[in-house]
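Using the sequences plus the hints, can you model the full thing?
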Amino acid sequence: MAKSIRSKHCRQMRNIKRQHYAKKDLERLKSLAIKSSEPKDIVTMKSAQEIKEPTVDALTKVYDKRTLQDENSHYPD
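Add 227 to a position in the sequence shown, counting from 1, and you land on the number used in the working numbering.
None of these hints come from the bench; they were simulated from the model. Backbone N, C-alpha and C define an ideal beta-carbon position, used for all residues, glycine too. Don't take each hint at face value.
[Claimed, not checked] Simulated restraints on C-beta separations: (1) Arg241 to Lys288: 52 to 62 Å; (2) Lys235 to Lys267: 30 to 40 Å; (3) Asn299 to Met272: 35 to 45 Å; (4) Glu298 to Thr271: 52 to 62 Å.
[Claimed, not checked] Pairs of lysine-lysine, DSS-like flavour, derived with a Cα cap of 30 Å: (5) Lys235 to Lys251; (6) Lys273 to Lys251; (7) Lys250 to Lys235.
Right, here's the structure in full:
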């Protein structure tokens with residue numbers, strides 16, 4: 228359908244771009260495959276005592292119920 232010189236040139240340039248980006252994509256896929264094949268299962272073990280005793284911060288901030296601001300006139304994060 229499109230037989231003009233302009234459309235032929237655009238098609239030719241699209242093919243060149245496709246070949247150019249195919250090389251980059253192949254390199255990117257290879258690097259991702261190498262990264263994904265590396266082991267990720269590095270686990271740190273906790274003792275049973277650490278699990279049984281959860282640490283809770285004792286500091287509780289005081290907020291105004293009406294304005295919802297703390298003592299320094301800031302809204303909570």
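Practice item. Could you check the structure against the hints above and give me the numbers of any it violates, in ascending order? Key: When the structure is compared with the hints, numbers 2, 4, 6 turn out to be violated.
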